[in-house]
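Colleague: Spelled out, the chains give:
Number of protein chains: 2
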Amino acid sequence: MDTLISIGEKARIASTFLGKLGTIEKNDALTSVANAILQNKIYIVEANNVDIENAKRNGMKPALVDRLTLTEARLNGMAEGLFQLVGLEDPIGEVISMKKRPNGLIIGNKRVPLGVIAIIYESRPNVTADAFGLCFKSGNAVILRGGSDAIHSNIAIVKVITDALNSVRADTNSIQLITDTNHEVVKELMHLNKYIDVIIPRGGAGLIKTVVENSTIPVIETGTGNCHVYVDESADFEMALDIIYNAKTQRIGVCNACESLVINKAIADAFIPKVIDRLSEKNVEVRGDELSQTIDSRVVLASEEDWGKEYLDYIISIKIVNDIDEAIAHINKYNTKHSESIITKDYDNSQKFLNEIDAAAVYVNASTRFTDGFEFGFGAEIGISTQKLHARGPMGLKELTTNKYIIYGNGQVRP
Amino acid sequence: MDTLISIGEKARIASTFLGKLGTIEKNDALTSVANAILQNKIYIVEANNVDIENAKRNGMKPALVDRLTLTEARLNGMAEGLFQLVGLEDPIGEVISMKKRPNGLIIGNKRVPLGVIAIIYESRPNVTADAFGLCFKSGNAVILRGGSDAIHSNIAIVKVITDALNSVRADTNSIQLITDTNHEVVKELMHLNKYIDVIIPRGGAGLIKTVVENSTIPVIETGTGNCHVYVDESADFEMALDIIYNAKTQRIGVCNACESLVINKAIADAFIPKVIDRLSEKNVEVRGDELSQTIDSRVVLASEEDWGKEYLDYIISIKIVNDIDEAIAHINKYNTKHSESIITKDYDNSQKFLNEIDAAAVYVNASTRFTDGFEFGFGAEIGISTQKLHARGPMGLKELTTNKYIIYGNGQVRP
Numbered sequence: 001m002d003t004l005i006s007i008g009e010k011a012r013i014a015s016t017f018l019g020k021l022g023t024i025e026k027n028d029a030l031t032s033v034a035n036a037i038l039q040n041k042i043y044i045v046e047a048n049n050v051d052i053e054n055a056k057r058n059g060m061k062p063a064l065v066d067r068l069t070l071t072e073a074r075l076n077g078m079a080e081g082l083f084q085l086v087g088l089e090d091p092i093g094e095v096i097s098m099k100k101r102p103n104g105l106i107i108g109n110k111r112v113p114l115g116v117i118a119i120i121y122e123s124r125p126n127v128t129a130d131a132f133g134l135c136f137k138s139g140n141a142v143i144l145r146g147g148s149d150a151i152h153s154n155i156a157i158v159k160v161i162t163d164a165l166n167s168v169r170a171d172t173n174s175i176q177l178i179t180d181t182n183h184e185v186v187k188e189l190m191h192l193n194k195y196i197d198v199i200i201p202r203g204g205a206g207l208i209k210t211v212v213e214n215s216t217i218p219v220i221e222t223g224t225g226n227c228h229v230y231v232d233e234s235a236d237f238e239m240a241l242d243i244i245y246n247a248k249t250q251r252i253g254v255c256n257a258c259e260s261l262v263i264n265k266a267i268a269d270a271f272i273p274k275v276i277d278r279l280s281e282k283n284v285e286v287r288g289d290e291l292s293q294t295i296d297s298r299v300v301l302a303s304e305e306d307w308g309k310e311y312l313d314y315i316i317s318i319k320i321v322n323d324i325d326e327a328i329a330h331i332n333k334y335n336t337k338h339s340e341s342i343i344t345k346d347y348d349n350s351q352k353f354l355n356e357i358d359a360a361a362v363y364v365n366a367s368t369r370f371t372d373g374f375e376f377g378f379g380a381e382i383g384i385s386t387q388k389l390h391a392r393g394p395m396g397l398k399e400l401t402t403n404k405y406i407i408y409g410n411g412q413v414r415p
Numbered sequence: 001m002d003t004l005i006s007i008g009e010k011a012r013i014a015s016t017f018l019g020k021l022g023t024i025e026k027n028d029a030l031t032s033v034a035n036a037i038l039q040n041k042i043y044i045v046e047a048n049n050v051d052i053e054n055a056k057r058n059g060m061k062p063a064l065v066d067r068l069t070l071t072e073a074r075l076n077g078m079a080e081g082l083f084q085l086v087g088l089e090d091p092i093g094e095v096i097s098m099k100k101r102p103n104g105l106i107i108g109n110k111r112v113p114l115g116v117i118a119i120i121y122e123s124r125p126n127v128t129a130d131a132f133g134l135c136f137k138s139g140n141a142v143i144l145r146g147g148s149d150a151i152h153s154n155i156a157i158v159k160v161i162t163d164a165l166n167s168v169r170a171d172t173n174s175i176q177l178i179t180d181t182n183h184e185v186v187k188e189l190m191h192l193n194k195y196i197d198v199i200i201p202r203g204g205a206g207l208i209k210t211v212v213e214n215s216t217i218p219v220i221e222t223g224t225g226n227c228h229v230y231v232d233e234s235a236d237f238e239m240a241l242d243i244i245y246n247a248k249t250q251r252i253g254v255c256n257a258c259e260s261l262v263i264n265k266a267i268a269d270a271f272i273p274k275v276i277d278r279l280s281e282k283n284v285e286v287r288g289d290e291l292s293q294t295i296d297s298r299v300v301l302a303s304e305e306d307w308g309k310e311y312l313d314y315i316i317s318i319k320i321v322n323d324i325d326e327a328i329a330h331i332n333k334y335n336t337k338h339s340e341s342i343i344t345k346d347y348d349n350s351q352k353f354l355n356e357i358d359a360a361a362v363y364v365n366a367s368t369r370f371t372d373g374f375e376f377g378f379g380a381e382i383g384i385s386t387q388k389l390h391a392r393g394p395m396g397l398k399e400l401t402t403n404k405y406i407i408y409g410n411g412q413v414r415p
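Sequences listed follow chains A and B, in order.
Each residue of the first sequence is one higher than the one before, starting from 1 at the first, in the working numbering.
Each residue of the second sequence is one higher than the one before, starting from 1 at the first, in the working numbering.
Treat the hints with care, as some may be off.
If you want a taste of the chain A side facing chain B, the calculated C-beta under 8 Å gives, among others [what the hints assert, rightly or not]:
| # | residue |
| --- | --- |
| 1 | 50 |
| 2 | 197 |
| 3 | 364 |
| 4 | 369 |
| 5 | 373 |
| 6 | 405 |
Because the hints were derived from the structure by calculation, they are not lab data.
Please read these numbers as outputs of a predicted model, since none were measured by experiment.
Using N, Cα and C, we set each Cβ at its ideal position, and we do this for glycine too.
With the hints as extra help, turn the sequences into a complete structure.
Modeller: Here it is as structure tokens:
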């Protein structure tokens with residue numbers, strides 16, 4: 001297998017090739033790749049079966065085996081994702097601004113690819129094709145390091161992609177998979193500053209923490225979401241119940257699911273029994289502070305640890321607060337800067353919440369579940385950034401680009 | 001002295017305060033600080049004298065002693081910089097985009113402060129006031145770690161600033177100086193992810209490398225510039241000579257100075273003696289490849305190391321290439337992604353250079369010395385980013401901000 005340095009060098013060369021490709025050429029290649037995935041479904045499913053058998057033998061939990069599984073429908077979805085990318089506007093080459101300076105210099109700011117992006121991800125093999133498609137359309141070469149559980153699936157998907165790229169004479173090193181499953185490889189990868197411009201970890205909190213703490217390459221942190229819904233004194237109860245039920249239970253294992261409720265004290269007596277009733281339809285365990293326990297005996301006493309926890313499960317916490325300032329302080333202290341929502345009829349409180357909550361997405365009267373590239377209308381998504389540098393919130397094609405100043409002169413020198 | 005964690009906590013609180021400040025309040029505070037600097041020139045100069053005496057006693061080179069020195073004129077300039085910031089548009093609160101989705105959600109993207117910025121810098125004490133001003137106007141709290149050489153100057157400047165902030169009832173922790181000169185403190189600072197959003201090193205290559213390699217906080221890399229001027233076959237010689245002379249000698253110790261010439265072979269015989277004549281006016285040493293040495297015996301033979309070197313001195317390297325493709329390949333291999341210029345009359349070559357050079361600023365027929373926030377019309381500058389993430393090129397107020405999605409709903413839940 002290639003050494004990491006050789007993979008880095010090849011990616012660098014491929015990125016130069018990709019930076020020069022026009023939109024039509026990129027779209028043609030993506031179409032070929034999508035068709036190749038449809039034509040090779042059996043080949044990919046067979047490779048995936050090897051991973052699934054290994055996973056079952058190793059005692060993987062059914063929910064994780066399900067995430068690992070590539071059905072025909074999921075492969076159709078994978079191809080569909082690539083076809084959709086073809087239809088999206090190419091972000092590369094857009095001149096965002098251009099101004100003439102008093103000395104006659106014309107200074108423009110143009111959108112260009114980042115260069116080489118490394119993505120470290122866990123067991124879902126469909127990320128392989130999604131990440132390739134987004135990076136390719138935005139003119140970036142990608143180096144992928146998937147989970148060892150999905151290694152056969154990933155090798156098969158990458159082979160189908162590179163064969164298709166080869167058939168249209170695109171640089172096959174536009175996508176490279178690191179097949180060495182040794183953990184040391186990831187450490188080395190995180191220090192390849194010479195070849196890699198950005199590293200994006202996609203997966204659990206542990207993976208993200210490891211990358212943030214060890215990478216010398218700039219990182220875009222994605223993922224963990226300890227999202228809150230604050231029910232204000234003036235909230236419409238029916239709306240609050242619908243939104244909380246949706247944000248907590250519509251899909252529990254995702255980063256934009258609600259993990260914690262913050263309830264204004266003035267309505268706590270009336271609202272808490274109702275929300276517990278509603279959540280009990282899905283057997284959600286409710287952990288709350290002492291006051292909420294005195295209001296409804298179904299509440300399990302929460303520990304300090306609960307306030308900061310991303311359960312990703314049928315569990316939710318409840319904190320009762322005296323006013324909106326206390327709600328905002330509580331949320332800003334324990335949140336992961338992902339998505340937060342207020343349910344209110346009060347104008348001032350809605351504005352205060354929007355202004356003062358520190359998070360990628362702040363909602364008034366809507367479910368936190370909407371924080372998503374597709375729901376935001378980007379047409380695609382590489383992940384949800386919870387950091388403040390470069391990109392915040394759902395990241396689409398534009399977030400995989402950088403800018404370059406282009407300056408037209410006619411002999412200017414600096415006085 | 002405060003522990004770093006206590007400094008971090010106070011900065012976090014100050015950043016919340018700053019995030020809520022209106023433009024008028026921020027401008028009033030900046031005006032007070034600028035006036036206080038003017039009123040306390042003698043106090044600051046006295047503190048600066050202690051640093052200068054210590055520096056001389058420790059054998060600091062005259063050029064560095066000069067950088068360390070705060071004259072009355074430089075203090076006037078420091079205050080002037082703050083007055084100019086008052087006049088610049090406040091970037092905070094701008095809603096960059098807002099769209100209504102088919103489900104009725106109104107999704108806006110708003111510019112907000114980064115939060116807490118740490119800046120590690122070397123001996124120039126005027127950075128203390130500049131960095132404070134930029135961070136304050138953009139709503140960020142700043143933690144400064146200056147060089148130990150300038151510690152008395154920095155303590156005095158920060159005292160003047162915080163006294164002025166106190167007088168207008170702004171949070172004095174908007175600016176905090178780390179006075180512990182122990183190197184271990186910097187290591188600890190680079191891991192305070194809980195309190196600091198971004199870290200910006202300003203100084204030499206060694207400092208920047210240390211921060212990039214050790215910080216777990218997102219870094220904006222600034223600085224080092226191995227900038228090239230490529231003289232194309234069709235170049236106007238007079239223009240090329242003026243631009244090279246300016247880019248190399250107008251100010252030698254800066255990151256946007258030219259360090260290397262790339263010359264098209266077709267004009268090498270005619271051009272090289274002329275450019276050496278011109279550069280000899282400032283006694284510039286010319287190091288070149290073998291061919292350039294055969295053309296002009298004043299050329300000292302360059303080593304491989306020369307191609308990648310940021311001299312910051314009266315030295316320049318010369319590389320002769322066969323065509324523009326070789327020029328672009330050479331520059332992209334050895335540059336630091338800062339500023340590159342082509343001198344040409346050829347349309348296709350100008351476009352090719354603009355498209356294919358990988359750098360923050362790419363010029364046609366102008367000096368690389370223009371890469372600067374003031375020259376670009378930003379009105380202020382915190383540094384020049386040579387990385388691709390978040391900001392590339394000169395960074396003004398906008399580059400010290402991030403975005404937040406604000407979403408207005410009326411009960412939407414995700415189907």
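Colleague: For each hint, tell me whether it holds in the structure or not.
Modeller: Each hint, compared with the structure:
1. 50: 35 Å, violated
2. 197: Residue 197 of chain A check passes; min Cβ-Cβ to chain B is 5 Å, inside 8 Å.
3. 364: 5 Å, holds
4. 369: Cβ of residue 369 of chain A sits 4 Å from chain B, so the hint holds.
5. 373: 12 Å, violated
6. 405: 4 Å, holds
When each numbered hint is compared with the structure, violations occur for hints 1, 5.
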